[in-house]
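There are 2 protein chains.
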Amino acid sequence: MDNQGQLLVIGIGPGHRGGMTLDGMEALAASEVVIGYGPYLKQLGSLLQGKELMARGMRQELERCAEAIRLAKEGKVVALVSSGDAGIYGMAGPLWEMLLASGWREGDAPLVRVIPGVSAVSACSALVGAPLTHDFCTISLSDLLTPWDVICMRLEAAARADFVTALYNPRSRRRTQQLVDARLIFLQHRDPQTPVAIIRDGWRADQWVQLTDLVTFDVERVDMNTTLIIGNSRTFVQEGRMVTPRGYADKYGPLQQALEDEG
Amino acid sequence: MDNQGQLLVIGIGPGHRGGMTLDGMEALAASEVVIGYGPYLKQLGSLLQGKELMARGMRQELERCAEAIRLAKEGKVVALVSSGDAGIYGMAGPLWEMLLASGWREGDAPLVRVIPGVSAVSACSALVGAPLTHDFCTISLSDLLTPWDVICMRLEAAARADFVTALYNPRSRRRTQQLVDARLIFLQHRDPQTPVAIIRDGWRADQWVQLTDLVTFDVERVDMNTTLIIGNSRTFVQEGRMVTPRGYADKYGPLQQALEDEG
Chain A
443 MDNQGQLLVI GIGPGHRGGM TLDGMEALAA SEVVIGYGPY LKQLGSLLQG
493 KELMARGMRQ ELERCAEAIR LAKEGKVVAL VSSGDAGIYG MAGPLWEMLL
543 ASGWREGDAP LVRVIPGVSA VSACSALVGA PLTHDFCTIS LSDLLTPWDV
593 ICMRLEAAAR ADFVTALYNP RSRRRTQQLV DARLIFLQHR DPQTPVAIIR
643 DGWRADQWVQ LTDLVTFDVE RVDMNTTLII GNSRTFVQEG RMVTPRGYAD
693 KYGPLQQALE DEG
Chain B
443 MDNQGQLLVI GIGPGHRGGM TLDGMEALAA SEVVIGYGPY LKQLGSLLQG
493 KELMARGMRQ ELERCAEAIR LAKEGKVVAL VSSGDAGIYG MAGPLWEMLL
543 ASGWREGDAP LVRVIPGVSA VSACSALVGA PLTHDFCTIS LSDLLTPWDV
593 ICMRLEAAAR ADFVTALYNP RSRRRTQQLV DARLIFLQHR DPQTPVAIIR
643 DGWRADQWVQ LTDLVTFDVE RVDMNTTLII GNSRTFVQEG RMVTPRGYAD
693 KYGPLQQALE DEG
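So the sequence lines, in the order shown, correspond to chains A and B.
Residues in the first sequence are numbered from 443 upward in steps of one, following our numbering.
Residues in the second sequence are numbered from 443 upward in steps of one, following our numbering.
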């Protein structure tokens, strides 16, 4: 087993080194080759010293997976890096799909490990308060790989069933209508003043955060590095924080009371 | 500002040290007092050396928040720890709710920071393959703070709109019927063979993982330390891995082809 190749699929977190896990750091240190989307490799900076690097373009996910599999089968320790968590719209999916399609069986080389990371939705949530404290869903607005009517069905369901909703890939230069339509679907079921957080380049140097609402938010401020979080019917904004109540106050009475009891 | 209290809400990840982030480690090291649910403090072990500890019971979330606020207002650096990500059914919610209810305003003491962590759903997903690679939702089956009809409405919506669905707090000793009902709701809309992953004590010493399906899974194997992940209509299991296709094969053809082109 000593010179068996390894394939380490690493979720590197939201965009700054402190958001990486110890497991992710260790796996990166152990790897000989690192494959990933160019800007993510750049983000890792000095952690990549002495390693063979393969930076690839944004839509080249399958090429990245194929390279990672090929090199790991040759016996190399290969890190395939993914922004946020590798399992949420990340590289773990296509990697497993391709490996299994190629006939890989448990026990075959390479050894595969998925190292989970802090997802974009968790990272963005922390920046604006606590919007995810109740049932939530994530929906990608990219119709590159998913029919738009499936996406609309999910938007409709999320809006109707009062899920807190995180929108991934909300808008790109060429794909601008989806977010406009998504807003309209939500407005059919939700109060126009439902809080919305817009987090662009969260945890990166250019971070831009805005708390707004469903009817007001400006789609032009949204790009492909943006996550939107739409609150549920009880989400509120106060002092620049967006909070979804878990329900303690319904059961135990006003929360400041617990604080006074404690004091 | 030097002796201003600080309140650090830390998501400590799934249950082993390697799942913590560098930011989480640093915040813990900087804290004087650490407050959390007893078993989570135990998990942190030697990281807590020399710190004042306040272990609290499972349902004492509000007491933990109140203590954390009180001590931070006295000028202490207080860590409030939360399993997984602090924002997903975690301590960031009640903490912000209580602080805002008490009249806290931006700029007031204490300084508050939420440090996101690897969520249970990401951590569990990594253990079983890549089940979350498409739109997903999380639903807590605990009706302690949420009316059961609201939970049912969300289960119904998730099942109908073909979300991958992670169930949190699926079952406790006293609360056994909810998971039975949740399964019935899903069976009304989904194939009985829809893959289900059951992950109990994920990333902990007693970890137990089972891949099964909607109609077969044994509710008796599920306890309050378990996360269930129900696939969508396209999720498959092969070689002990549960994978939800992102849609690459629909667009680009069979994935083994990309591997052959690369070779």
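Just so you know, not all the hints are guaranteed correct.
Identical chains share a label here; the pair holds if one copy fits it or two copies do between them.
To be verified - Derived lysine to aspartate or glutamate pairs resembling EDC-like cross-links, with alpha carbons at most 20 Å apart:
hint : residue 1 : residue 2
1    : 518       : 494
2    : 693       : 591
3    : 518       : 468
4    : 493       : 702
5    : 484       : 681
6    : 515       : 692
7    : 693       : 585
8    : 484       : 550
9    : 515       : 633
10   : 693       : 633
11   : 518       : 598
12   : 693       : 660
13   : 693       : 505
14   : 693       : 550
15   : 484       : 703
16   : 515       : 505
17   : 515       : 702
18   : 484       : 591
19   : 693       : 648
20   : 493       : 591
21   : 515       : 681
22   : 515       : 703
Read the hints as simulated data drawn from the structure, not as lab findings.
Verification of the hints:
Only within a single protomer do residue 518 and residue 494 lie at most 20 Å apart by alpha-carbon distance; the minimum there is 11 Å, versus 46 Å between protomers. With identical chains, the CA atoms of residue 693 and residue 591 are at most 20 Å apart between copies only, with a shortest distance of 16 Å across copies and 39 Å within one. With identical chains, the CA atoms of residue 518 and residue 468 are at most 20 Å apart within one copy only, with a shortest distance of 16 Å there and 33 Å across copies. Proximity of residue 493 to residue 702 under the C-alpha cut-off of 20 Å is found in neither arrangement, the shortest distances being 56 Å within a copy and 25 Å between copies.
For the identical chains of this complex, residue 484 and residue 681 are neighbours neither inside a copy (35 Å) nor across copies (35 Å), given an alpha-carbon limit of 20 Å. When the C-alpha separation of residue 515 and residue 692 is checked against a cutoff of 20 Å, the pair qualifies neither within a copy, at 56 Å, nor between copies, at 26 Å. Proximity of residue 693 and residue 585 under a CA criterion of 20 Å is satisfied inter-copy only: 11 Å between copies versus 42 Å inside one chain copy. Taking identical chains as interchangeable, the C-alpha atoms of residue 484 and residue 550 are never at most 20 Å apart, the minima being 32 Å within one chain and 37 Å between chains.
In the homo-oligomer, the alpha carbons of residue 515 and residue 633 never lie at most 20 Å apart, since the shortest distance is 54 Å inside one protomer and 36 Å across protomers. For the identical chains of this complex, residue 693 and residue 633 are neighbours neither inside a copy (25 Å) nor across copies (37 Å), given an alpha-carbon limit of 20 Å. For a Cα distance limit of 20 Å, the shortest separation of residue 518 from residue 598 qualifies neither inside one copy, at 46 Å, nor across copies, at 46 Å. In this homomeric assembly, residue 693 and residue 660 never come within 20 Å of each other (Cα to Cα): the closest approach is 37 Å inside a single copy and 32 Å across copies.
For the homomeric pair residue 693 and residue 505, the shortest alpha-carbon distance between copies (14 Å) is at most 20 Å, but the shortest distance inside one copy (52 Å) is not. Taking the closest pair of Cα atoms, residue 693 and residue 550 never come within 20 Å of each other, the shortest separation being 53 Å inside a single copy and 28 Å across copies. With identical chains, the CA atoms of residue 484 and residue 703 are never at most 20 Å apart, being 51 Å at best within one copy and 27 Å at best between copies. Proximity of residue 515 to residue 505 under the C-alpha cut-off of 20 Å is restricted to the intra-copy arrangement: shortest distance 15 Å within a copy versus 53 Å between copies.
Taking the shortest alpha-carbon separations for residue 515 and residue 702, only the inter-copy value of 13 Å comes in at or below 20 Å, while the best intra-copy value is 62 Å. For the identical chains of this complex, residue 484 and residue 591 are neighbours neither inside a copy (36 Å) nor across copies (48 Å), given an alpha-carbon limit of 20 Å. With identical chains, the CA atoms of residue 693 and residue 648 are never at most 20 Å apart, being 41 Å at best within one copy and 34 Å at best between copies. For the identical chains of this complex, residue 493 and residue 591 are neighbours neither inside a copy (43 Å) nor across copies (54 Å), given an alpha-carbon limit of 20 Å.
Taking identical chains as interchangeable, the C-alpha atoms of residue 515 and residue 681 lie at most 20 Å apart only when they sit on different chains, with a minimum of 18 Å there against 54 Å within one chain. Only between protomers do residue 515 and residue 703 lie at most 20 Å apart by alpha-carbon distance; the minimum there is 15 Å, versus 62 Å within a single protomer.
The structure does not agree with the numbered hints 4, 5, 6, 8, 9, 10, 11, 12, 14, 15, 18, 19 and 20 stated previously, though it agrees with the rest.
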